[in-house]
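Given chain W's structure and the hints, the job is docking chain Y onto it.
So the sequence lines, in the order shown, correspond to chains W and Y.
Residue numbers for the first sequence follow the working numbering, beginning at 101 and rising by one.
Residue numbers for the second sequence follow the working numbering, beginning at -6 and rising by one.
Worth flagging that the hints you see were computed from the coordinates, not collected in a lab.
Where a beta carbon is used, it is the ideal one built from N, C-alpha and C, also for glycine.
Do not rely on the hints blindly, as some may be mistaken.
Stated by the list, open to error - Between beta-carbon pairs, the in silico distance windows are:
1) Y:D260 <-> W:Q116: 31 to 39 Å
2) Y:G228 <-> W:D237: 35 to 43 Å
3) W:Q116 <-> Y:D245: 35 to 43 Å
4) Y:G228 <-> W:T372: 36 to 44 Å
Chain by chain, the residues:
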Amino acid sequence: MLRKKECVAMLLAGGQGSRLYALTSNIAKPAVCFGAKYRIIDFPLSNCINSGIDTVGVLTQYQPLVLNEYVGNGQPWDLDRTFGGVHILSPYEAKTDTSWYKGTANAIYQNIRFMKMYDPEYVLILSGDHIYKMDYDKMLEAHKATGADCTIACMKVPMKEASRFGILNTNPDGTIYEFEEKPKQPKSDLASMGIYIFTASKLFKYLELDEKDPDSQNDFGKNILPAMLNAGEKMCSYKFEGYWKDVGTISSLWEANMDLLGDAPKFDLRDTERVIHSRSPLAPPAYVEGEVVNSLIANGCDIEGDVINSVIGTGCVIEKGAVVKDSVLMGNTVVKAGANVNYSIIDEEVVIGKKSKVGDVIEKASLIEGKTSGITVLGRGITVSDGGNVPAGEIVDKNV
Amino acid sequence: MASTVGVIFSSVNDENVPELTKVRSKGSIPYGGRYRLVDFALSCMVNSGITTVGMITKNNYQSLMDHLGSGKEWDLARKEGGLILLPPYSDESEMLYRNRLEGLKGASAFLKKCKEDFVVVADSDAVYKLDYSKVIEQHAKTNADITLVYHEHECGEVNSYIMLDTDKTGKVTSIDVNQAAPGVRKHYINVFVARTSYLLNLIRTAISRGYSSFSGDILIPAAKTGSIYAYKYEGYYQSIDSLQSYFKANMDLLNKKVRSELFDDRDIYTKINDAAPAKFTAEAKVSNSLIHDGCFIEGTVENSILFRGVKVGKGAVVKNCILMSENVVGDGCKLAYVISDKDVAVSEGTSLAGCAKKPYFINKGMHI
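Only chain W is shown next, with the shape it has when bound in the complex (with noise of 0.2 Å):
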């Protein structure tokens, strides 16, 4: 028999997310690190596989590193396997036309041969920076039902947003006549979550054809979309209803967190059913001595300190008097004695000095207006010496 997948998810993770500032300096926006002990990719993949799809390609391009080292062989998410699991996808020099990946479309159109080599019916196009959980083989059934050349799941969003967003216009029965990307003055509230299914050999049809065309920007929101609407292809609206955070910006990755807390969480980590899978570190677990309310504390931590509001990620000390609050703490930081800590995201093997103060209580903080909306930013591995002082809605690049 023919070996073949029936659908092989592509993911994109190239992208710079230049809007998390100190953030993605040094890593890609996928690799971030979102909920105590997981990082953005860890959604999709875990979604796929939740899904029943177990063929990944991860295109990567921006700062890979942190991410392949992360990827790995696909063991924690069950997709290491003899045919099919996850693969890294990075541009690669041809014999002709040597080119980084130009745009979302071009990523895709460089790995044709890629997605060939599992013969499938349909290709699931994803991207690396939302926060959600999700059955694909449910859009994939609606798809199929449909009878569609193209289906994008989108979701209502709130209409003063929807500038924001890639608009989709549909019809009664759900499917599209008009897609806007980014309208100033939006006709429905109806928005693109990014996540397409094609019919491959329609997929693989306007991919060489858009390639072709030396005015495109290669990209599907732009280009892909609209020329298969104006060929007159079937395409079709998936609506999904659940949680569902892009977290691009410092405010929503924040936000996003802090949806984790509270007695009746927005979105819950904790729902067995559909598990996010991780590369899980072999951290004892955390040991607490401290005040911890509401907050989420991962293993391998050493609390003596106080928590509150929080989400600290694996493997952080947080001293005795120290204080962390309405923060995100991604792993392996240290807050030492006195530290004072309100409203900020503090990425990986970070140093906060003995009595320092970062960022601002939340009542003034968020007040700010500015990149960050007030919250305080410290990039990987910086230290702030004893006694130092960043003030609100700082971004923090280097040793203060």
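The following block gives chain Y in isolation, referenced to the frame of chain W:
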């Protein structure tokens, strides 16, 4: 390091802790919030550069097999060598082994195939972190027949330990078994090193002469005539030979010094289960405790070890307890000095208490 193969006994004196070994062998007793006892011997071997390990099992080993799987968490899922289970009734042993010698006889077919020059044999009945490569280094230097590893500590009135006496050079001069001799003694911790060929010879001789005791028939006579040396292990050591010592070994982890000695520097590998980070609600009050991923704390926890996925309800108070994975402590419960095995549920408002000398034990899967 010289090429070395490891052999681990996963079932040793299981009867010492009948509560915990009812559903498993000694090596798979859960420990310290996330580990199994076998993780220590096995991880130490891996961290010492050993890549071939035979695991001798006896009975009740389903839980152990489930834990070890293919050995990938220890980097022992290999084409060459790796982790090899040595269950009873295989190859040369036609019966369930009754003693260490018969256990080793069962492993001899495995050892014959190994090309490694040296063999480390260890039990999985204790918590410690030993670099076996140092033992082998000393073994090669002294040109000993066997090197026994000991730990010096205060021994009580009653014990079933093997005690060593050594001369200045580290050579073992006498070996005592089961002797009550309070005071600081050199306690042989059931880890020894030999040349593979030497051990195979020893097993063959022992079988042909009908020996039945490794310590009585081999070690004690050899200490008089042969060349047995001792290696002093100076790190943290706690054997698990009673429910009380199990309780102590766990509570020792609340001491930062012990934690850092065992877990800093080199990892202790174990099977990984993905669980969400531990969640503490606004009512949670936790002090001096170890809390694993997956826990959900709404009540009070003091001086306790909580394994993966333990839920502590509102108003519940858990003090000096060891709660294994997936325990559910209902609202308003009061637990003190309780050791509860996996999957236990204690319904709302229940009070249970043991004491430091006699912790209250709850069997796996009980609903109270």
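Verification of the supplied hints:
In this structure the hint that D260 of chain Y and Q116 of chain W lie 31 to 39 Å apart at CB holds, the actual value being about 33 Å. Distance hint check for G228 of chain Y and D237 of chain W: the Cβ-Cβ separation is about 51 Å, which falls outside the suggested range of 35 to 43 Å. At about 48 Å, the CB distance of Q116 of chain W to D245 of chain Y disagrees with the hint of 35 to 43 Å. For the pair G228 of chain Y and T372 of chain W, the supplied restraint of 36 to 44 Å holds, since their beta-carbon distance comes to about 38 Å.
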